[in-house]
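Each chain is listed here by its residues.
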Amino acid sequence: MLQLKNYNSSILKNINFQLKAEQNLIILGSNGAGKSTLARLLCGITPAPTLLNNQYLSKMNPTQRTKEINYIPPKLEIFDEYITLNEYLDLSRLYSLLEPNNLIKLLELEKLKGKPCQELSSGEQQLTMIATAILHNAKITIFDEPTANLDPKKSRDIFSLLKSNICQTKIIITHDLNLACHLGYDVMFMKEGKIDFFDSSEAFFTESNLDHYFGSSVKIIEEGNRSTITIKLTN
Amino acid sequence: MITKILYLLISILILLAPFYGQIHIDPYQLSTVKSIDFKLFWEIRLPRVIVAFFAGAILALGGVIFQSLFKNPMSTPYTLGVATGSTLGVAFAIVFGFHSLVALFGFLGALMTVVVLFTVTLRLKSYETNALLLVGIALAFFYNASLMILFSLSSESQSFEIIRFTMGSVDVVGLSKTLPIVTASTLLLFVTYWYRKDLKLLLTSNDYAYLKGVEVKKVNTILLVSVSIAVGVSVSLTGPIGFVGLITPHIIKKIYQKSAEQLIFPIFFYGGFFLVLSDFVARNIGSNSEIPIGIVTAFIGAPFFIYLIIGKR
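From first to last, the protein sequence lines stand for chains Z and U. Residue 1 is where the first sequence starts when you use this note's numbering, and the numbers rise one by one after that. Residue 1 is where the second sequence starts when you use this note's numbering, and the numbers rise one by one after that.
One chain only, chain Z, in its complex shape (with noise of 0.2 angstroms):
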């Protein structure tokens, strides 16, 4: 069980988060309302009280930790700038039973092996970090903007792996209201800083829902059984 309780700060009002174990959750939330800053309160990496099974994150050892929680950031951060994608992949062996070389060729990266990761393009970048998830394999993993920068067919290959259970319980934040729909995941919106919805997709996916968060910018089109949800640029 992931929690958070009565948690202020300048960006983030009145916090109580709780998350039963292997409960996978969306968050959606408009730009600013506090998404990441939540995120990285609950992965420890901002210092804060978060709860883990009852145990302050901050007082786990470093290997404990590491089997329970993960963060995959919006964008890859690296400093050095010879550090190989294969290399990079290496740091997060940890949990996985996954052999690497076989994760590289289905996400089809295996031209990129030996290339620096600053100078791969944002779309194998994020790649590169959804890989980094699946060897790291903690037990509840976040994921920020997964598919923010990815073309069509890989963001579809990313959601078909997203939904499999090659990783354990996710958190997924995220503005593509597609993805968040069929995932199925419980749902959790932010405004400005506060939690103002959670509850099963179920009940967030409803036509009044959406016109109450969205206004008129979205559209669900029901495809029989499926619904699908359209983005309207023109009224």
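Just to be clear, a hint being listed does not mean it is correct.
Said to hold, decoys possible - Calculated lysine-lysine pairs in the DSS-like style (CA-CA distance at most 25 angstroms, straight line):
(1) U/K34 with Z/K75
(2) Z/K75 with U/K4
(3) Z/K115 with U/K218
(4) Z/K59 with Z/K111
(5) U/K258 with Z/K67
(6) Z/K115 with U/K258
(7) Z/K111 with U/K254
(8) Z/K20 with Z/K59
(9) U/K212 with Z/K139
(10) Z/K105 with Z/K115
(11) Z/K13 with Z/K194
(12) U/K217 with Z/K59
(13) Z/K115 with U/K254
(14) Z/K59 with U/K218
(15) U/K212 with Z/K67
(16) U/K258 with Z/K113
(17) Z/K219 with Z/K153
(18) U/K254 with Z/K113
(19) Z/K139 with U/K197
(20) U/K212 with Z/K20
(21) Z/K163 with Z/K105
(22) Z/K111 with U/K258
(23) Z/K153 with Z/K115
(24) Z/K59 with U/K212
(25) Z/K59 with Z/K113
(26) U/K258 with Z/K75
Unchecked claim - Here are some chain U residues pointing at chain Z (derived, C-beta under 7 angstroms):
(27) A140
(28) S205
(29) L211
(30) G213
(31) E215
(32) Q257
(33) S259
To be verified - Here are the in silico distance ranges between beta carbons for each label pair:
(34) Z/E223 with U/R196: 52 to 58 angstroms
(35) Z/D90 with U/L187: 54 to 60 angstroms
(36) U/A145 with Z/N101: 55 to 61 angstroms
(37) Z/S121 with U/V173: 55 to 61 angstroms
(38) U/K4 with Z/D90: 23 to 29 angstroms
(39) U/A145 with Z/G215: 44 to 50 angstroms
(40) U/T119 with Z/G184: 45 to 51 angstroms
Don't read these hints as lab results, they were simulated from the structure. Note that the structure is predicted; figures quoted are calculated from it, not measured. Glycine is no exception: its CB is placed at the ideal position from the N, C-alpha and C atoms.
Dock chain U against chain Z, hints included.
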């Protein structure tokens, strides 16, 4: 293979360096204990080359560690004011008559600066790496002002001593004097190797390192304190010698095209060689008196470094 041959060749060059100077030493005379050649070699030339090598090694390795931990290609013990802090400590010891404790004061000056820098980094956001450089520059101004106060308090001979010191010199007499710097550099090399894997993670980003289980604060502290001990020992012996720490890591990285933690030994070794070479030039170029080594490193280093930066584009 090529790197090994290079190591061998350069090692031979370093070993030959003590034989050349204003007076050439005859190798055959070295077996005669009473000869002038013997004394010159063991008491003056060899200690000098040893100090040059290990001081250069410390500055270069300290440079790459600072660049890695502070995530800024410009940050080195020299540019961030650690060497200046050390100089201030040494000047303080000279002016207030603690001559026997010069090394200790040099070390304290370095450590004090590291404490300031480290406190500042904890308050900075990860993207504000340039702010740290500004702090380093501000510190340098502050130290220079303090140094001026010490000058005004000092006697003429003390002033001269401080000025000679700030020019940098690897002039030491007696083999036993080299012991502290040899120990300090070996320890620094050992500690860096020991934390090599953590260092690699820190070379990506502090967040990534944290998420993979590195105790970022602890490792940072251990490495920074080790560097400041070594730099403190080195500066108290040789004075502030700039540039080796800044350019050696950059040059070695450009040549090897590998991440910094795989280059610990080459940076250590070639940093040492660079100072031995600079000292060799300093000793042999002038006809009467030698040029201070700091001047030679700057004369060789600055143009080469600018060439390297322009060549990058």
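Taking each numbered hint in turn, which are not upheld by the structure, reported in ascending numerical order? Checked against the structure, the hints that fail are numbers 1, 2, 3, 4, 5, 25, 27, 35 and 39, while the rest are satisfied.
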